[in-house]
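Visitor: In order, the protein sequence lines correspond to chains A and B.
According to UniProt numbering, the residues represented by the first sequence are 1 to 399, in order.
According to UniProt numbering, the residues represented by the second sequence are 1 to 133, in order.
A hint or two may mislead.
Pairs of lysine-lysine, DSSO-like flavour, derived with a Cα cap of 30 angstroms [to be verified]:
1. A:Lys280 / B:Lys42
2. B:Lys11 / A:Lys67
3. A:Lys37 / B:Lys34
4. B:Lys11 / B:Lys100
5. A:Lys67 / B:Lys100
6. B:Lys11 / A:Lys68
7. B:Lys100 / A:Lys99
8. B:Lys75 / A:Lys68
9. B:Lys11 / A:Lys31
10. A:Lys98 / B:Lys34
11. B:Lys100 / A:Lys98
12. B:Lys75 / A:Lys98
13. A:Lys99 / B:Lys34
14. A:Lys31 / B:Lys100
15. B:Lys11 / A:Lys37
16. B:Lys75 / A:Lys31
17. A:Lys67 / B:Lys34
18. B:Lys42 / A:Lys193
19. B:Lys75 / A:Lys67
20. A:Lys31 / B:Lys61
21. B:Lys61 / A:Lys99
22. A:Lys68 / B:Lys34
23. A:Lys68 / A:Lys99
24. B:Lys11 / A:Lys5
25. B:Lys100 / A:Lys5
26. B:Lys61 / A:Lys212
If you anchor each label on the Cβ, the simulated ranges turn out as follows [claimed, not checked]:
27. A:Asn34 / B:Val109: 45 to 53 angstroms
28. A:Asn179 / B:Asp117: 37 to 45 angstroms
29. B:Asn126 / A:Asp258: 40 to 48 angstroms
30. B:Thr131 / A:Glu360: 49 to 57 angstroms
31. B:Thr114 / A:Asn34: 22 to 30 angstroms
32. B:Gln48 / A:Leu177: 44 to 52 angstroms
33. B:Lys42 / A:Arg313: 47 to 55 angstroms
34. A:Gln207 / B:Ser59: 47 to 55 angstroms
35. A:Glu94 / B:Tyr46: 32 to 40 angstroms
Treat the hints as calculated values from the structure; they're not laboratory data.
Since the model is a prediction, treat every value here as computed from it, not as a measurement.
Just so you know, even glycine gets a beta-carbon here, dropped at the ideal spot from N, CA and C.
So the chains spell out like this:
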Amino acid sequence: MELTKYEQDMYDGEYGEGKAECMEILTSLGKIYNAEKMIPITSAQVSGVSYKTIGDAGLDFVVDLGKKADVELETMLNPAGVDIENWQELGFSEEFTKKQIDIINGYESCGVMSTCTCTPYLIGNTPLINEHVAWSESSAVCYVNSVIGARTNREGGPSALLAAIVGRTPYYGNHILENRRANMIFDVDYDFKNEIDYGALGYFVGQIVNDKKPYFRLNDRVSRNNLKLLGAALASSGAVSLYHVENVTPEADYARCDESFDELEVVNIDESDIKETIQKLTTTDKLPDLVCLGCPHASISEIQEVAKLLRGRKLKGDLWICTSKAIKAISEQCGYLDIIEKAGGKIVSDTCMVVAPVEELDYEVIGVNSAKAANYVPNMANLDVVYDTVENLIDMISQ
Amino acid sequence: MSDISCRQISKGIAEGEAIVTHDPISFLGGVDPKTGIVIDKKHELYNQCITDKILIIPSGKGSTVGSYVIYQMAKNNTAPRAIICQVAEPIIAIGAIISKIPMVDNPDVDIINTISDNDNVIVDANNATITVN
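This is chain A alone, in the form it adopts within the complex (with noise of 0.2 angstroms):
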């Protein structure tokens, strides 16, 4: 791999043995995936918070390498745990949220912003289109890949931080343009309805494309809260880390420049594909006794659209509307948070159902409106879910 002097110097350990350390990994994962070269990026995003996931190991590992190294530039934590400003309120352990902020405690010393969410791209952390990144969390990669045309591969935790204190990522996979290309082409003549259409959508697709590049001809335009529903889907039941929607996606018309774009496998879907899948991702006939929306984490107009549905109602069940901080607090100032507490939900920032231990929470049934959750919860948390609309998930938890 060639490394130019600058990266050669870091290796060498002329920046100090952290960065020495970051470039020994980034070569050799370089060596691994045939990478010629380093290509310095603008952003990050690091998955790995969640002491759920990463345990006591990851715990030392962040914490050590606090000590002897700082990142170079914009990066962002994906969702920790707990909700760290109401987790007694929320029922969390003292044990695990002490746990779980020497974790983010421990990144921030490595200079990483203390904001957990899956989706930076919401609240900032916004790449133009080519620029190059390493983000790790899988439907915060597809999305930025597929919607905003920045490029980055699949970054596991520590090769995300990894790449942010060292500036740069070895250049291969999603960062070559020619790897950027559709290699399978999904005919869908269906009218979409609502958005758990679109993760089935992505659900059903995932599963049988793993981590090819699937591309979307599709009935009518799609918004861009559907698109992070479909891609989380996609990332979750496959391993997609980019997709096409044509006459939507930006790089919709590069996927299908080259003339093997002809030959591509067509795969036809139709209403009985998205009416089975939406079937088959409620494991129970029991109703939920907490709805758990914002996975991915909630945009500011779909809060906005629970708020209304809200307005004047009173829950028996809970509602957890997941987000970052910085969306909760822009919800505060719309006002939306105060109609939807006063209806009896709350807005759960910096945690999701996905990475937060709700097993422990004495919960039975959790209805989301996510296909990527409604994939997870039942294993990860082992219990059941229902998948549904919000506006059908809200009714069935309210007087």
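Please arrange chain B on chain A, whose structure you already have, making use of the hints.
Guide: Just chain B now, kept in the frame of chain A:
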């Protein structure tokens, strides 16, 4: 005694007894970092201890958190002395480097069927060679 050439993934030199498996290994959920014992019931090495061994595996698999598990093993003194992979992947590679465990991959022989359990093996990652006594 024979020398096998390979590729350096993580620097360093180590000598020890081999433990060999045909199954890829996931460190997260697959190995107990407190004891170094393989706890994945479906794994060929189930119930065996990899501490202080030269671990010879086809590849790694599973969650990227596996890198941190290797790091914790090194801190607990339960880690293998060196790792030889037929084909390295990022989880074990990162784990080995942050834990300063010598690691090589891509040996020029079918390593899993060349080396047997308890063979004495020297891994010299710096010179990209494996020596079997």
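Visitor: Below or equal to 30 angstroms on CA atoms is what counts here, so check Lys68 (chain A) against Lys99 (chain A).
Guide: holds, 21 angstroms
Visitor: Run the distance test for Lys11 (chain B) versus Lys5 (chain A): straight-line Cα separation, threshold 30 angstroms.
Guide: holds, 21 angstroms
Visitor: Would the hint linking Lys75 (chain B) and Lys31 (chain A) be met if the CA-CA limit is 30 angstroms?
Guide: Given pair Lys75 (chain B), Lys31 (chain A) holds - Cα atoms ~27 angstroms apart, limit 30 angstroms.
Visitor: Can the suggested window of 45 to 53 angstroms be confirmed for the beta-carbon pair Asn34 (chain A) and Val109 (chain B)?
Guide: About 22 angstroms separates the Cβ atoms of Asn34 (chain A) and Val109 (chain B), which means 45 to 53 angstroms is violated.
Visitor: When you check the alpha-carbon spacing of Lys100 (chain B) and Lys99 (chain A), does it fall within 30 angstroms?
Guide: holds, 25 angstroms
Visitor: Is the straight-line distance between the alpha-carbon of Lys11 (chain B) and that of Lys67 (chain A) 30 angstroms or less?
Guide: holds, 22 angstroms
Visitor: Does Lys34 (chain B) sit within 30 angstroms of Lys98 (chain A), going by the straight-line distance between their CA atoms?
Guide: Measuring from Cα to Cα gives roughly 22 angstroms; hence the hint holds.
Visitor: Is Lys11 (chain B) close enough to Lys37 (chain A), meaning Cα to Cα at most 30 angstroms?
Guide: Judged against 30 angstroms, a Cα distance of about 20 angstroms means the pair holds.
Visitor: Straight-line Cα separation of Lys100 (chain B) and Lys98 (chain A) no greater than 30 angstroms?
Guide: Between Lys100 (chain B) and Lys98 (chain A) the Cα gap is close to 29 angstroms, so the pair holds against 30 angstroms.
Visitor: Sort out whether Lys100 (chain B) lies within 30 angstroms of Lys11 (chain B), counting only the CA atoms.
Guide: This hinted pair holds, its Cα atoms lying about 7 angstroms apart.
Visitor: Do the alpha carbons of Lys31 (chain A) and Lys61 (chain B) lie within 30 angstroms of each other, as the hint requires?
Guide: holds, 18 angstroms
Visitor: With a cut-off of 30 angstroms on the C-alpha distance, tell me whether Lys42 (chain B) and Lys193 (chain A) pass.
Guide: violated, 44 angstroms
In summary, the numbered hints that this structure violates are 3, 18, 27 and 34.
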